Amino acid sequence: MSESIGNEMYTLRINGQDRHVKDAWVGESLLYVLRERLELPGSKGACEQGECGSCTVLMDGDAVCSCLVMAATAVGADIVTVEGLIEKDPSMASTARTITDQISGQITDVQRAFIEEGGVQCGFCTPGLIVAVHHLLDKNPDPTELEVKESISGNICRCTGYGRIFAAVEAVVQVRKASR
Amino acid sequence: MSTVKQDTRLRDILGTSALRPDGVAKVMGSFSFSSDIWAENMLWGATLRSPHPYARIVSIDTTAALLISGVSAVITAQDVPGKATYGLISADQPVFASEFVRYMGEPVAAVAADHPETCRRALAAIIVNYEVLTPVVDPELAMLATTEQIHPDGNLIRHQKIICGDPHISGDITVEGHYTIGMQDQAFLGLEAAMAFPDSGGNGVELHIATQWLHEDRGQIAACLKLPEDNVRLVLGGVGGAFGAREDISLQVHCCLLALRTGRPIKMQYSREESFFGHVHRHPAKIWMKHHASKEGKIVKVESRMMFDGGAYTSTSPAVLINGITHTQGPYQCDNAVVDGYAVRTNNPPCGAMRGFGVVQACFAHESQMDKLAQACGLSPVEVRLINAMHTGDKLITGQVMESVAPVERCIRETDAIPMPEPLAANANVLELPGGSGRTADRQNIVRGIGWGVSMKNLMYSEGFDDFATARCTLSNGIASLKFATAEVGQGFVTLAPQIARSVLGVDDVVLETSDTQIGSAGSTSASRQTWMSGGAVDGACRLVRERLFEHVGKLHNIDPIRLMIEHTDVIDTIGTFRISVAEATQGITLSETFEHHHRKTEDLDANGQGNCHVAFAFVAHRAVVDVDIELGLVKVVQIATAQDVGRVLNPLSAIGQIEGGIAQGLGLAVMEEIIMDNGRVKNPSFTDYLLPTALDAPSVVAIMIEEPEPQAPLGAKGIGEPPCISVTPAIVAAIRAATGKALSRVPVRPQDICL
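Chains as they are written, first to last, in the numbering used here: chain G, 972 to 1151; chain A, 10 to 765.
Keep in mind that the hints were calculated from the coordinates and are not lab data.
Here the structure is a predicted model, which means the values were calculated and not measured.
Just so you know, even glycine gets a beta-carbon here, dropped at the ideal spot from N, CA and C.
Any given hint could be a false lead.
Reference excerpt, derived from the structure (chain A facing chain G, CB under 10 Å, subset only) [stated by the list, open to error]:
1. Gly38
2. Ser41
3. Leu153
4. Thr155
5. Gly499
Simulated restraints on C-beta separations [to be verified]:
6. Leu765/A x Lys1148/G: 41 to 51 Å
7. Ser446/A x Asp1109/G: 39 to 49 Å
8. Gly24/A x Ser1150/G: 57 to 67 Å
Take a look, some chain A residues computed to stay more than 12 Å from chain G by CB distance [unchecked claim]:
9. Ile136
10. Thr143
11. Glu215
12. Pro432
13. Thr697
14. Glu717
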């Protein structure tokens, strides 16, 4: 980085860790800092104006578009990205044949359901949707079909037409219900 | 036998809903898209674009940009060492504009710098003097000889007519209409992005790129760089959707040029706004169509004139035009036709491939016409379509005989049998009403409508193109490795290819090697062709390896190889009792074969549009149910019922994903998606202003897959990517017509088209 641009230094709290940002330009979005400075490329950029939801992260428990947050203003917030999601009840068994037990332990029930129900095609919208669905189900464990649609209507998917994504959310809700 | 069946079901072979091998990485966020690649010592690249649709470049001054700290290079047309232009069919598009800019957003220069913000400042510091010219934006005017020719190749990109049977015959009944199709954007989520690594000597480059066709890109890039093709290596970067928009060159040449100039890795990625200018769109079209029919509703003749606005450069316009005119008849019998088609150059954005490729436009016209015909003959939309439904063996208006399985009648009947949705409940949530929560519909004004659309779509490339795909299969120690250059863009070829290998070879472990140019071409991931073409190549390579395996086992165990077969995961002797697992039989040996799958040859059309120009066809029917607020002009698509001719279902989960995804894109074209032009200027290059279907816009989809295996297809399966998005658009518009009584001759249907 040249001296002409960027000499900000600050610390962000991301996925439970303090991450130091050095030599940054003050105009950088949280999305840019996550992707280009902190080696967390899971959050995706696809519209830069909060319309598509691909960059969704949790900030103090709220789902936000990280492209609309200036990174330097996120100091002090508790940020969770797709890389930091953890399953609250990891005991749920996988039914997937091609997801090995080893990997299965590393992904959440929501992530597993997206794979098993066909909610992933190109996968570019997927991380944002995964975060949005975690956020929904944390706040509302038993959403109606319409509540599901409304809560993910800020996440655009161009491949699936959403049908398999609805199926994935429904599968998680049913499994969580059964295990309660 | 039941044991075998049980075991078969548990393996991820053909016909099962095998899961995506890249699924885990994609849900974790660790899958590497082309925009996720990072390199030590890399620079960012960015493109300067024309603010004018048509202008002469008087001068370009890059001095100030080069003085900015952190800027490593600024390049313009004069820095292109090889061919100054590129293009899929005709190399008529400049790498950088030099004399003229011919559309808003045309690249003029590119920079490399240490930070995206430095790039932005450098672009702002480049001084380009333009002599602004009056753009030619109406294709009807553009094609006249008296109009200024905006390109040395002229304004008429292609003209083709079709004359079939008796051009003068008429019928008891005629219906006609003028139809307009707006400019749709593919709007893939993963923006254009690439990383170019220069070779240390500067004589070569490795480009990691999200594309649909690695080898075609390589040929065009190498020509512009003036490098041998072997010195330009392409590796598929993770692709975030494509839908046709990645078939043309966008940032490929710019990125490589900057890498070679600076000697450092260059990362480029477009913003959403830039992406609207950086790739081709679906052709806007104007179509006049007239049907002549008997009083019973049987089509006697179809006449049409089609005008496709190709924008400033050729891209795939000639092929899109041919697809449009050769699908004038739709999936219906028709003995006589007079069709005239034009693809014309204007100062609008270049248009090219998008899912449905010319057939979307033709289908909106012919399906609107079928409803007019039904009305004129006193038939229902279903009856008129059944009376005219095409069958295998029918002669098309090009003279080509329909050799594909053509279950048009079944598609219609099975769609018709799908139960209707419940009526709108009196206490329905506001989100279920037209307009949703934003502009609340008045329940008193909501009217339900039902409409139909049926379509035919050619599969693969046409007009004599030697289309092929290459794959290599290597079997060793019970593990199969597959190598191909096929672009996985989300469609699921990475799921299908291992399913094929498991089915043919009796292995469970399949490794996919990197998709790059270190093997022969796979052709493009487009035209609904990869399951057929690359699937055929993988199948062929695996079968060759299986022959070698049988020879090896036969020799070792003194059995005639012809008696051997694969059962489950074993090689067995069909006559004796010998049995050995594939894993054991391949211990310590390596069997490797490469196979090229070519489809059958096709021909050019003659002057009268006659010739066997297409390879094969697929069919689909759609029935749409909509709720319309007739006062506010708002539409809610309630249900899409569909029966699609798929040949054979190879992966049910992938197949339904293609069907539902295609329907959403067709819905977009029907009621919301349009790039709005104003005298050559794009007015809405953002996701705020270019509206895409969201989860709340998604209709309930009830889909039936009709399995009648296609004898020509290597796996019996037809391509299923494009048909879902084609006839759903006219079906939705027909449903809105039924609800409103409005003529609605353009898509997308806008609120003012309904309520004013």
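Interface exclusion of Glu717/A relative to chain G, criterion Cβ beyond 12 Å: 24 Å, holds
Cβ distance range 57 to 67 Å for Gly24/A and Ser1150/G, holds or violated: 32 Å Cβ-Cβ, so the 57 to 67 Å window is violated.
Claimed clearance of chain G by Thr143/A, with the beta carbon kept past 12 Å: 32 Å, holds
Hold the hint about Gly38/A up to the distance rule: shortest CB distance to chain G must be less than 10 Å. Interface hint status for Gly38/A: holds (2 Å vs cutoff 10 Å).
With 10 Å as the cut and Cβ atoms as the points, is Ser41/A at the interface with chain G? 8 Å, holds
Honestly, do Ser446/A and Asp1109/G meet the 39 to 49 Å range at C-beta? About 23 Å separates the Cβ atoms of Ser446/A and Asp1109/G, which means 39 to 49 Å is violated.
Can the hint on Thr155/A be confirmed by a CB-to-CB distance to chain G that is less than 10 Å? Given a least distance of 42 Å, the restraint on Thr155/A is violated.
No chain G beta carbon within 12 Å of Thr697/A's: 6 Å, violated
Evaluation of the interface hint that places Gly499/A against chain G, nearest CB under 10 Å: 3 Å, holds
Against chain G, with CB atoms and a cut of 10 Å, does the hint on Leu153/A hold up? 38 Å, violated
Outcome of range test on Cβ distance (Leu765/A, Lys1148/G; 41 to 51 Å): 48 Å, holds
No chain G beta carbon within 12 Å of Ile136/A's: 20 Å, holds
Hint compliance for this structure: hints 3, 4, 7, 8, 13 are not met, and every other hint is.
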